[in-house]
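K.L.:
First residue of the sequence shown: 490, per my numbering; consecutive thereafter.
Careful, some of the hints might be misleading.
Claimed, not checked - In the SDA-like style, the derived pairs of lysine to any residue whose C-alpha atoms are separated by at most 20 Å in a straight line are: (1) Lys573 / Val539; (2) Lys573 / Arg526; (3) Lys710 / Leu654.
In short, the hints are calculated from the structure, not lab data.
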Amino acid sequence: MKKFLLRFLLGVFVFFSFFVGSRNEIMAAVPAYLQSRDSYSTGYVSSRNVTFTNAVANGNLVIVAVSAYRAENSPVINSVTDNKGNVYTKISQVPVIPSGADHISLWYANNVVGGSSFRVTSTPSQPSYVSIAIHEYLGLGAVDQVRGANGSGASSDTGITSPTLGGNELVFGAIMHLSFGNPSATAGTGFTIRRKLTNRTSYQSLVTEDRSVVSTGEGFKATLAWGSSVPWQGIVAVLRSSDTPTPTPSPTPTPTPTPTPTPTPSPTPSHTNPRSASCGSRTTSSLHVVDCGQAVSIIFTE
Numbered sequence: 490m491k492k493f494l495l496r497f498l499l500g501v502f503v504f505f506s507f508f509v510g511s512r513n514e515i516m517a518a519v520p521a522y523l524q525s526r527d528s529y530s531t532g533y534v535s536s537r538n539v540t541f542t543n544a545v546a547n548g549n550l551v552i553v554a555v556s557a558y559r560a561e562n563s564p565v566i567n568s569v570t571d572n573k574g575n576v577y578t579k580i581s582q583v584p585v586i587p588s589g590a591d592h593i594s595l596w597y598a599n600n601v602v603g604g605s606s607f608r609v610t611s612t613p614s615q616p617s618y619v620s621i622a623i624h625e626y627l628g629l630g631a632v633d634q635v636r637g638a639n640g641s642g643a644s645s646d647t648g649i650t651s652p653t654l655g656g657n658e659l660v661f662g663a664i665m666h667l668s669f670g671n672p673s674a675t676a677g678t679g680f681t682i683r684r685k686l687t688n689r690t691s692y693q694s695l696v697t698e699d700r701s702v703v704s705t706g707e708g709f710k711a712t713l714a715w716g717s718s719v720p721w722q723g724i725v726a727v728l729r730s731s732d733t734p735t736p737t738p739s740p741t742p743t744p745t746p747t748p749t750p751t752p753t754p755s756p757t758p759s760h761t762n763p764r765s766a767s768c769g770s771r772t773t774s775s776l777h778v779v780d781c782g783q784a785v786s787i788i789f790t791e
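Using the sequences and the hints, build the whole thing.
P.N.:
Spelled out as structure tokens, the structure:
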């Protein structure tokens, strides 16, 4: 009875360990949205910052969307920084070559040093209207694909990215309208709006949205419906799960060297005396004479 009970308890322990381990692996493989905040200026500023409400966990990923407006010339966001010393990489910007009065860009920092009072600052090239939206995610790694676009109409469509390289990814969209109004904004199919600043009569507009996807090898886009026809600019980025390794390019095969053929040695010419064939001989009773034309050999015989 004791042996049976021991085996039963051991089996339960093994099953529970396997179940919990598998569940943790599944949970870790799916990216998760944790929190976001936004901030905007109502006039020209040299920088704009915003602080997360809750502490940011070490190792997570922070995505930052920034829009800017300057009537005199093209504004550009030169940098995004935080008070924890993390390094932010620009994912993309629209227009790619700055032109006009409006500009939108997308940045991220991976595997961050977290903590409370996590403050993010964006700095434009010149004083501008600036709106900034920050987002914390669990389980995200590097950027997989990205695409930007601009247009005009009652809906925004960034266009489809190149095929993705991994599954369990996050599609993140950042879109702004350029009209001096306050149109409504509705998330695209499958998306959830995270931050929404639409009243461009008071500040620079900026809307962010995301969705999780599990398929591999597809392209994705970000769409958004406006309450009226407006000019717009937008970016979509697909970010890989932190469990998805960065693909290693196939090594270039090393060509097999062609062996150098070993030359066949030329035959050594025979140094046969050409006159040897014409040698004659005669024998007397005591001599044997070999006559080869130029030389005569005399051999004594008994």
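K.L.:
A separate judgement is required for each hint: does it hold in the structure or not?
P.N.:
Hint check:
no. : hint            : result
1   : Lys573 / Val539 : holds (13 Å)
2   : Lys573 / Arg526 : holds (17 Å)
3   : Lys710 / Leu654 : holds (15 Å)
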